Amino acid sequence: MKNDDGSETISIPVTRRYEHRFRELKIIIQVIRNDPLSLGSLIIIMSLIFIAIFAPIIVPYPEDVKGIPRFGEKFLPPSWKHPFGTDYFGRDVFSLVIAGARISLSAGVVVVGLSLAIGVPLGIIAGYFGGTMIDETIMRITDMFLAFPPLLLAILIAATLGPSLINAMIATALTWWPWYTRLARAQAISIKEQSFVEAARALGLSNLTIVFRHILPNTLAPIIVQATMDLGSAILMTSSLSFLGLGAQPPTPEWGLMVYLGRVYLLTYWWYATFPGLAIFITVLAFNTFGDGLRKALDPRLRRIRQA
Amino acid sequence: MGFKSYLVKRLILSVLVIFGAITLTFFVSRIIPSDPAALWAGSRPRPEQIERARKFLGLDKPLHIQYIIYIKKLFSGDWGYSIKFKRPVLSVIFDHLPATLELVIISYIVAILIGIPLGVISAVKENKLTDHVTRVISVIGASMPTFWLGIALQLIFYGKLGILPLSGRIDPMIMLENPLEEITGFYLIDSILTGNWVAFRSSLTHIILPALCIATYPMGLCTRMVRASMIEILRENYIRAAKASGLPERFITFRYALKNAIIPAMTTLGLSFAYSITGAFLVEIIFDWGGIGTYTVYAIQTMDYPLIIGITVFMSIFYVSINLLLDILQAIIDPRVKY
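Residue numbers (the numbering used here), protein chains in the order written: chain A, 1 to 308; chain B, 1 to 339.
Since the hints were derived computationally from the structure, they do not count as laboratory data. Treat the hints with care, since some could be wrong.
Here are the simulated lysine-lysine pairs, DSSO-like style, with alpha carbons at most 30 Å apart [unchecked claim]:
#1 Lys192(A) x Lys9(B)
#2 Lys84(B) x Lys55(B)
#3 Lys61(B) x Lys72(B)
#4 Lys9(B) x Lys125(B)
#5 Lys66(A) x Lys81(A)
#6 Lys192(A) x Lys74(A)
#7 Lys296(A) x Lys128(B)
#8 Lys296(A) x Lys259(B)
#9 Lys4(B) x Lys259(B)
#10 Lys84(B) x Lys73(B)
#11 Lys55(B) x Lys72(B)
#12 Lys26(A) x Lys192(A)
#13 Lys55(B) x Lys9(B)
#14 Lys243(B) x Lys296(A)
#15 Lys26(A) x Lys128(B)
#16 Lys296(A) x Lys125(B)
#17 Lys296(A) x Lys26(A)
#18 Lys74(A) x Lys243(B)
#19 Lys125(B) x Lys26(A)
#20 Lys73(B) x Lys61(B)
#21 Lys125(B) x Lys243(B)
#22 Lys128(B) x Lys243(B)
#23 Lys9(B) x Lys81(A)
#24 Lys73(B) x Lys86(B)
#25 Lys61(B) x Lys84(B)
#26 Lys128(B) x Lys259(B)
#27 Lys9(B) x Lys73(B)
The model shown is predicted, which means the values in this text are computed figures rather than measured ones.
Between the sequences and the hints, there should be enough to build the whole structure, so can you do that?
This is how it looks when you write it as C-alpha cells:
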C-alpha cells in the first residue's frame with residue numbers, strides 16, 4: 001500500500017508507519033535491555049559524558065588543570081589527597097585525567113562530526129547520481145584517500161599543518177570521511193529507487209531539494225549509528241597523534257600527551273603515564289563494546305534470535 | 001568477465017589509486033607552513049644559502065613543473081635526500097624496513113595462533129560464558145591504546161619482574177661479543193642462518209613485548225572473524241549431515257568447519273596487515289625498535305619533509321599492493337568471488 005508521502009509500507013499498519021524510521025532506536029533499547037555488556041558500557045559512556053560536562057566543577061584542584069606548577073609536591077605517589085599521584089610539576093594527576101575527559105570526548109565528537117559533514121553529503125550526491133561522472137569522480141577521490149594506511153595520512157597532514165590539538169582533529173577527520181562517503185552512497189543508492197523519490201522527481205523538484213530534503217533524512221539513522229560506534233576509534237586516533245607529539249601541546253591535560261610525557265618516568269613514577277592511559281582504554285573500550293552490541297543487533301544475519 | 005580481464009582491471013585501478021595517493025602527498029607537502037629550503041640550508045643560513053638550497057631542491061620552479069619533476073624522479077627511483085640523515089630517502093627506508101616487518105610478522109603469527117582457537121571455542125560455546133569472555137577479550141584488543149599497553153608491559157615485565165628486556169632489538173653487548181652478520185635484516189632469521197644462538201636468544205626475548213602489543217588488534221579481529229564464520233558454517237546442512245552420521249564433534253569442528261571458516265578470517269587479517277605496520281609506529285617508539293616507525297617520528301620531529309613524504313608514498317604503495325594481492329588471491333581460492 002502507498003502512504004500520502006509516497007513511501008511504501010507493505011505490512012505495517014498506517015498508525016505505526018513512523019515507527020520504522022525509529023527502528024534503529026528501538027533496536028538499541030532492546031539490545032541494552034538484553035545485553036549486560038552493552039548496558040554496562042552505556043553506563044560508563046553516560047558517566048564519562050557527565051564527567052566531561054561537569055569537569056570544571058568536579059576537579060579537585062582546578063588551578064592544576066590550568067598548568068600552574070607546584071614544585072614542592074613533585075611526583076607524589078597516589079594517596080588520599082592525590083588518588084592518581086602528582087606529575088613533574090606537582091600537579092594532581094586525578095584532576096588532569098578528569099579535565100582530559102572533556103578534551104578527549106569533544107575531540108572524538110569533533111572528528112566524527114567533521115568527517116560526517118564532509119563524507120555524508122558527498123556520498124549522497126555520489127549515490128543519487130550513481131553511475132555518472134559525478135559519482136565516478138567522488139568515488140575515485142575517496143579511493144585516493146583510502147590508499148593510505150589511516151594513521152600515516154593523519155601523521156602527514158598533522159605534521160604539515162603543525163602540531164596542535166585542532167590540527168590533529170582536522171587531520172584525523174580528513175582521513176576518516178571516505179568511510180562515511182561509502183556508507184552514505186550505498187544508502188542513497190538503495191533509497192533513490194523508492195517511489196517517494198520518484199514522486200518528488202515527478203513533481204518537478206530540483207535535484208538539490210530531492211537530495212537534501214528527501215534522501216538525506218532517510219539515510220541518517222544507520223549513519224548515525226555507525227558514527228556512534230566510531231567515536232572510540234576517533235578518540236584513540238586523536239590521542240595517538242598527541243602521543244606522537246602532533247596533537248595537544250603541554251600543559252593541555254590531554255590523555256595521549258600525558259602518557260607520552262609520563263613515559264620517561266615510567267620505572268620510577270609509574271602513576272603519571274598509567275592513569276591517563278587507563279582512562280583512554282576505558283573510554284575506547286566502553287564505546288567499542290557498545291558499538292559491538294549495536295553491530296550485533298543491526299546485522300540482519302545475526303538478528304534472527306530476537307525476531308523469533 | 002574472465003579472470004584475466006578482472007586482473008587487468010584491478011591492476012589498472014590500483015595503479016591509478018597509487019598515482020592519486022602520490023599526487024595527494026605532493027600537494028599536501030607543498031602547503032607546508034615552514035620553508036624546506038631554509039631547513040636544508042642548516043641552522044642560521046644566509047639568504048644566498050637558502051636561495052642555493054631552493055634551486056637545489058627545485059623549489060624555485062612553478063608548481064606544475066615541480067609536480068612533473070617529482071613524478072619523474074619517483075619513477076626513476078630518486079626519492080630525494082633526507083634532510084636529517086643526508087642520505088637518499090629510499091636507502092633510509094630499505095635499511096629500516098626489515099626491523100618493522102620482522103616485528104609485525106611475528107605479531108601476526110602470535111595473533112593467528114591465539115586468535116583462531118579463541119574464535120573456535122567462542123563459536124562452539126555460542127552465548128555461553130566462554131563466548132562472552134572471548135568477546136570481551138577481542139573487544140579489549142581493539143580498544144587498547146597500543147602505546148599504553150607497551151608501557152604497562154614494560155613496567156610489569158622489566159620494571160617489576162625483571163625477566164624481559166626494556167627496549168631495543170638485541171642486547172648491545174651481544175653485538176660486541178658475538179656480532180650478528182646481517183643477511184636479510186631480520187635478526188631472528190639472520191641469527192639462525194649464521195648459527196649465532198646467543199644473538200637468537202637475545203633478539204627473541206627483545207621481540208616478545210612489542211610483538212604482544214601489536215598482536216592485540218589482529219588477535220581480536222581474528223577471533224571475531226573466525227567466530228562469526230564458524231557460527232554461520234556450523235549451521236550448514238553438511239555439518240548437520242556429518243553430525244547425524246556420528247562423526248566425532250571435534251573432528252567436525254576442526255576438519256570440516258574450521259577449514260571453511262579460515263578463508264574470510266585470513267582475508268581480513270591480510271587487509272589489517274598493512275594497517276598494523278603503521279600501527280606499529282607507536283609501539284616502535286616505546287621500544288626504541290629502530291624500524292620505519294622510529295624514523296618516521298625522527299622525521300616529524302626534525303621536519304625532514306623528503307623523508308616524511310617518502311615514507312608516506314612508500315607505505316601507500318605497499319598498502320595498495322597488499323590489498324590488490326589479497327583480492328587476486330581470493331579470486332583464485334574462492335570460486336564464489338564474482339569478477
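These are the hints, each one checked on the structure:
Distance restraint check for Lys192(A) and Lys9(B): the Cα-Cα separation of roughly 28 Å lies within the 30 Å cut-off, and the hinted pair is therefore satisfied. Distance restraint check for Lys84(B) and Lys55(B): the Cα-Cα separation of roughly 19 Å lies within the 30 Å cut-off, and the hinted pair is therefore satisfied. In summary, the hint linking Lys61(B) to Lys72(B) is supported, as the alpha carbons are separated by about 15 Å, within the 30 Å threshold. Taken as a hint, the Lys9(B) and Lys125(B) pair is broken in the structure, with Cα atoms around 43 Å apart against an allowance of 30 Å.
In summary, the hint linking Lys66(A) to Lys81(A) is supported, as the alpha carbons are separated by about 19 Å, within the 30 Å threshold. Distance restraint check for Lys192(A) and Lys74(A): the Cα-Cα separation of roughly 63 Å exceeds the 30 Å cut-off, and the hinted pair is therefore not satisfied. The suggested pairing of Lys296(A) with Lys128(B) holds, with an alpha-carbon distance near 16 Å, which does not exceed 30 Å. A hinted pair counts as satisfied when its Cα atoms are at most 30 Å apart, and Lys296(A) with Lys259(B) qualifies at roughly 24 Å.
Only pairs whose Cα atoms come within 30 Å are accepted, and Lys4(B) paired with Lys259(B) is accepted, the gap being roughly 28 Å. A hinted pair counts as satisfied when its Cα atoms are at most 30 Å apart, and Lys84(B) with Lys73(B) qualifies at roughly 20 Å. With a C-alpha separation of about 17 Å, the suggested pairing of Lys55(B) with Lys72(B) holds against the 30 Å cut-off. A threshold of 30 Å between alpha carbons decides the hint, and for Lys26(A) with Lys192(A) the separation of about 25 Å falls inside it, so the pair holds.
With a CA separation close to 41 Å, the supplied pair Lys55(B) and Lys9(B) exceeds the 30 Å bound. At roughly 28 Å between alpha-carbon atoms, Lys243(B) and Lys296(A) fall within 30 Å of each other, so this suggested pair holds. Restraint check: the Cα-Cα separation between Lys26(A) and Lys128(B) comes to about 25 Å, which is no more than 30 Å; the hinted pair holds. For the proposed pair Lys296(A) and Lys125(B), the alpha carbon gap of about 17 Å is at most 30 Å, so the pair holds.
Our distance criterion of 30 Å between C-alpha atoms is met by Lys296(A) and Lys26(A), whose separation comes to about 14 Å. Taken as a hint, the Lys74(A) and Lys243(B) pair is broken in the structure, with Cα atoms around 67 Å apart against an allowance of 30 Å. The hinted pair formed by Lys125(B) and Lys26(A) meets the criterion: a straight-line CA distance of about 28 Å does not exceed 30 Å. Pair hint Lys73(B) plus Lys61(B) holds up; C-alpha atoms about 15 Å apart against a cutoff of 30 Å.
A C-alpha spacing of about 16 Å is found between Lys125(B) and Lys243(B), which places the hinted pair at or below 30 Å, so the restraint holds. Note on Lys128(B) and Lys243(B): the hinted pairing holds, with a Cα-Cα distance of about 21 Å set against a maximum of 30 Å. The suggested pairing of Lys9(B) with Lys81(A) is violated, with an alpha-carbon distance near 66 Å, which exceeds 30 Å. Of the pairs offered as hints, the one joining Lys73(B) and Lys86(B) holds, with about 17 Å between alpha carbons and a cut-off of 30 Å not exceeded.
For the hint pairing Lys61(B) with Lys84(B), the CA-to-CA distance comes to about 24 Å; that is within 30 Å, so the pair holds. Only pairs whose Cα atoms come within 30 Å are accepted, and Lys128(B) paired with Lys259(B) is accepted, the gap being roughly 23 Å. The straight-line distance between the Cα atoms of Lys9(B) and Lys73(B) is roughly 26 Å, inside the 30 Å bound, and the hint therefore holds.
Taken one by one, the earlier hints fail for this structure at numbers 4, 6, 13, 18, 23, listed in ascending order.
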